[in-house]
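Sequences and hints are given; from them, build the entire structure.
Chains as they are written, first to last, in our numbering: chain A, 1 to 384; chain B, 1001 to 1316; chain C, 2001 to 2387.
Hints were generated in silico from the structure; no laboratory data involved. Note that the Cβ used here is the ideal one computed from N, Cα and C, for glycine as well. A portion of the hints provided could be inaccurate.
For lysine-lysine, the following DSS-like pairs were computed, each having C-alpha atoms within a straight-line distance of at most 30 Å [to be verified]:
1. C:K2197 / C:K2174
2. C:K2354 / C:K2073
3. C:K2252 / B:K1150
4. C:K2079 / C:K2106
5. A:K196 / C:K2149
6. C:K2146 / A:K196
7. C:K2299 / C:K2073
8. C:K2211 / B:K1150
9. C:K2079 / C:K2326
10. B:K1150 / C:K2377
11. C:K2299 / C:K2170
12. C:K2386 / C:K2149
13. C:K2149 / A:K42
14. C:K2106 / C:K2149
15. C:K2177 / B:K1150
16. C:K2211 / C:K2252
17. C:K2079 / A:K42
18. C:K2106 / C:K2354
19. A:K42 / C:K2042
20. C:K2196 / C:K2170
21. C:K2146 / C:K2042
22. A:K196 / C:K2386
23. C:K2326 / B:K1150
24. A:K42 / C:K2106
25. C:K2177 / C:K2146
26. C:K2170 / C:K2377
27. C:K2042 / C:K2106
28. C:K2174 / C:K2367
29. C:K2386 / C:K2146
30. C:K2042 / C:K2149
31. A:K253 / A:K306
These stretches of chain A come out as covered by chain C in the derived footprint (C-beta under 8 Å, 3 or more residues) [what the hints assert, rightly or not]:
32. 178–191
33. 268–280
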Amino acid sequence: MTATVDKKRAGGFKSRWAAMPKQVRWAAIAALIVLLYILPNKWFYEYLGFPIGSDYFAFYTTRSDFAGVLFDTAVFVLLAVGLNVVVGFAGLLDLGYFGFYALGAYTVALLTSPESRFGTNWPWLAAVPLAVMVAMVSGVILGGPTLRLRGDYLAIVTLGFAEMIRLYAARNEGVLQGQRGIPAIPHPPGTGTDGKPLFGVVDARPYYWLMLTLILIVLLLIRNLANSRVGRAWVAIREDEDAAEIMGVPTFKYKLWAFAIGAAVAGLTGAVFAGKQTFINSDQFVLESSILVLAAVILGGAGNIKGAIVGGAVTWYLPEWLRGVGDLIGVEFDAAEYRILVFGLVVIVMMIFRPQGLVPNRRRAAEFADRRKEAVPQETVPNE
Amino acid sequence: MNFDELFGNFPALTITGLEQGAIYALIALGYTLVYGVLRLINFAHSEVFMVGTFTALWTWQALGYDQNSAAPALGPLILAVVAGLVVAMAASALTAVTVELVAYRPLRRRNAPPLAFLITAIGASFVLSESFGISTNRAPFGMPDLIPQKTVFTLFGAGVTNVQLLILGVTLIMMIGLDQFVNRSRLGRGIRAVAQDADTAALMGVNKNRVILLVFVLGGLMAGVGALLWDVRFGYTKFNVGFLIGLKAFAAAVLGGIGNLRGALLGGLLLGVAENYASGLFGGDWKDFTGFVLLIVLLMFRPTGLLGESLGRARA
Amino acid sequence: MRQKLARVLGGVAIGALVFSGAACKADSGSDAGGSKAACDLKIGFFGPLTGDAAGLGIHMRNGTKLAIDQYNKDNADCKVQLSEYDSQGDPAKAPALAQQAVGDAKVVGIIGPAFSGESEVGNPIFDEAGLPAITPSATRPSLSTKNWKIFHRGVGNDTSQGPAAGRYIKNVLKADKVYVVDDQSAYGAGLVDEVKKVIGAVAGEDKIQVKQTNFSAVVTKIQSSGANVLFFGGYYTEAGLLLKQLKGAGWKGTMVAGDGVNDANFIKVAGEQVAEGTILTCPCAPATAAKGTFVTDYKAAFDNAEPGTYADVSYDITKIFLEGIKAGKSSRADLLSFVNSYNGTGGATGVTYKFESNGELDPAQVKVWAFKVNAGKVVPDIEIPKS
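Below, the structure written as structure tokens:
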């Protein structure tokens, strides 16, 4: 009984949301965006009358700077949005997505840092488009010969690609300077009202706002793309590649597009990251991160942009928040050491109860419901 | 490039490469078996191996050996190795089965999309390695040198040691045994049937869940053997020891043709030897790099691995 | 329609109430300020406590924790707290943690960052906020050339230890065939470069990868080179494994390595027989009487664990901060000038801590000793002369 009530309510929210006038929906989305922009500000909490200390409200991270965590989370969200094009839309399993991110970051570092062996000393802004291009082109170069591989073989090839980039970067003699890394990467340009540079060292908020803006722009672009001819081609490829090919969809071309777009987004993210970090080395591009981004996409619900956003946020933010959870509930307990363990458990439990992801793609959810119906007779097959 | 190094030490590099490759192969079997039946990359398999290395170590500690003890006499030695082997195999198999029951079966019951399995696999991998990391203070552990290496005979100027013979011998025996089991026995027929067509096999009266459980047990047992051989040869473990070797073993399985038992052996040996040659030719910093280049190039020319993917028979 | 809108707004209001409720609960105790300013100050530890490098970080954290616990026992009315910033050794995670430390006004000193990579990212942030930092273990020489006012190094850097290790190999061991291996880390490769400068021609060199476990190719190369001394630049795990596999293959030479290997875990990985005779250099003085109580205190406090590399340094440099706090230096600026003008001997290491204007330990105080593994213990061998 309660189950049906719940279902009705959930459906009710969705239909009510859809039934609302367009203006209200736009206003709600705008309000959400504004909220995201003011999230890291202290005055916001002061204005609301929340106590000022290290704990503003239950979602505040008490062991690492909230604005810094928000920036890192935003990095992850943008990566998840980009990978979602590859995995969620086109259905290509990419285990080495961080490789493109590393390429973007290293391109910026090499071109801008006075300590790089290129010695070009470009300003940060000039290097960003090139970083995006480099990532995109390498996406095409890697995709060209390998996208003919299917499913899990593609997974290992992309994984190998990301590891090759990292292993090359780790060599201390190469231009990437190994673990010694490339320091003194310039910050993004701009001067604040107080005459100091807008993008400084201590305050992470400008970077977060920059990242948030980029996310919104990329979201708009990808959303339009997904609703276009290209997006429909991706869905067709994901559902049944052979059928799509027979129906006249140039599958290889569109797969390559997805790969290149995903790579470009990762390159952009890496470029911004390098500009904030000012120092990058091979330790920052480990394989585990590639896997985490993939986990973010699937956790949120592959094929759904909203899902990618939620997944990316959970994957980075949850472990950071768990660091300080002991303080929050007032227990003398240091959760920091257990946070990865807890994250693993949460992932398993979440996938068991919501296998289609937190915010599933509507089309995929429908598919999923069909499969579930099909699954029922299989369960009743007599044993032996 | 250093051709002197490569050709001067060619026989030695080959033998040590084969030895490492044999351990890759034993672990690769676990990936291949599960993939063949479920079409699932069992990312938690690296931790199954890790559990094996730790339990064998604990067995030896319980028997009174630590990293400083001298090599025991033949009688106690056999006892220690066999006890370690049995415990490691049992623990690894148990871990593999637990992962299947906790992380995969509930998803299968809900007929979840394939990507969901990948994520629970990663989650299970985190949980296993982190819980070992926390309980062992993330410290590295050395082990008793139970079998001191002795050169038994020389082959083209390279000494072949007793441990190398043991590793290669045990791997071959396990390999042949598993191959025969899958191809000859009644249970093995079940595995092949489910691998070829799960639904039809179910209609023919094969209990799918039991076959899947069996596959995890077999993969775990092989990883346990690999873990013991690892302990005997390298005498070291740490909570994250599985990650890199799991990655290599997975690459080896793909190299040989994932889902193909003999492919796993071939891929493992090939990867082990290739890595060693690369170390000789370009230097140790190119070891892993070359492994991945080999993998990518090979997959471009043979998209389903060296021997093609099949557990028993080619797939459509 | 209006009714629906009202309902949505109501929902938002309820949500806000829930948040503020949680916030009220979290309120207690924060923002004390004012009169008791010198108490409840915090010293931050910045380094890896989880992840691959945690083995090194945990010991340093323990050294810091031991010093603070001892201080709190003696000063129960005015305690100092330890704040842990677990960087996982990953420079990407460092900024948010450093910004948090800077934003917490109670944090007056930082022990760390533990590694050179995270120092490159974290120290500019500490510098901007004037938060004094003393690193127990980041030995990259270039760190002291970045004009960070807050940077202090509690150990000698790679340019003090590397040449000393080279001189030991050349003058004490009088080795003619030396093979050098590094792990491509900034630390390991830097050390090997310095050693090569001193000894000149080497019998051969190779590189390994961090986390590598099978060294058969390197072992083959070392054996066929006929080298009788191996210098290894890297950390204890790889060192232990490499030596174990070398000796297992019948190599009879001596391994020399830096302070990254000078850790009880090295003997634990390699085993006593294998480790026997290995020479470990360290820019630190050998055990004094005081160090005796440090080791027993440490073991008593942490489940009988042997203090790992830099645990003693962390302990001593934490005591510098604690002395400053005891002397009433309760602001970051005061503590920074206290550390800058500090001149005193550490109880655990026996090193006299006196910093130069760029934050380096006074070179006159940097003593490099050679230690030898003897029957499972690291015992002092000789002090390596400066030239």
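We went through each hint and held it up to the structure:
no.: 1; hint: C:K2197 / C:K2174; verdict: holds, 16 Å
no.: 2; hint: C:K2354 / C:K2073; verdict: holds, 27 Å
no.: 3; hint: C:K2252 / B:K1150; verdict: holds, 15 Å
no.: 4; hint: C:K2079 / C:K2106; verdict: holds, 12 Å
no.: 5; hint: A:K196 / C:K2149; verdict: holds, 20 Å
no.: 6; hint: C:K2146 / A:K196; verdict: holds, 20 Å
no.: 7; hint: C:K2299 / C:K2073; verdict: holds, 18 Å
no.: 8; hint: C:K2211 / B:K1150; verdict: holds, 27 Å
no.: 9; hint: C:K2079 / C:K2326; verdict: holds, 10 Å
no.: 10; hint: B:K1150 / C:K2377; verdict: holds, 28 Å
no.: 11; hint: C:K2299 / C:K2170; verdict: violated, 37 Å
no.: 12; hint: C:K2386 / C:K2149; verdict: holds, 28 Å
no.: 13; hint: C:K2149 / A:K42; verdict: holds, 28 Å
no.: 14; hint: C:K2106 / C:K2149; verdict: holds, 20 Å
no.: 15; hint: C:K2177 / B:K1150; verdict: holds, 25 Å
no.: 16; hint: C:K2211 / C:K2252; verdict: holds, 25 Å
no.: 17; hint: C:K2079 / A:K42; verdict: holds, 29 Å
no.: 18; hint: C:K2106 / C:K2354; verdict: holds, 25 Å
no.: 19; hint: A:K42 / C:K2042; verdict: holds, 22 Å
no.: 20; hint: C:K2196 / C:K2170; verdict: holds, 11 Å
no.: 21; hint: C:K2146 / C:K2042; verdict: holds, 26 Å
no.: 22; hint: A:K196 / C:K2386; verdict: violated, 46 Å
no.: 23; hint: C:K2326 / B:K1150; verdict: violated, 61 Å
no.: 24; hint: A:K42 / C:K2106; verdict: holds, 18 Å
no.: 25; hint: C:K2177 / C:K2146; verdict: violated, 38 Å
no.: 26; hint: C:K2170 / C:K2377; verdict: holds, 25 Å
no.: 27; hint: C:K2042 / C:K2106; verdict: holds, 5 Å
no.: 28; hint: C:K2174 / C:K2367; verdict: holds, 21 Å
no.: 29; hint: C:K2386 / C:K2146; verdict: holds, 26 Å
no.: 30; hint: C:K2042 / C:K2149; verdict: holds, 20 Å
no.: 31; hint: A:K253 / A:K306; verdict: holds, 26 Å
no.: 32; hint: 178–191; verdict: holds (count 5)
no.: 33; hint: 268–280; verdict: holds (count 6)
When the structure is compared with the earlier hints, violations turn up for hints 11, 22, 23, 25 and for no others.
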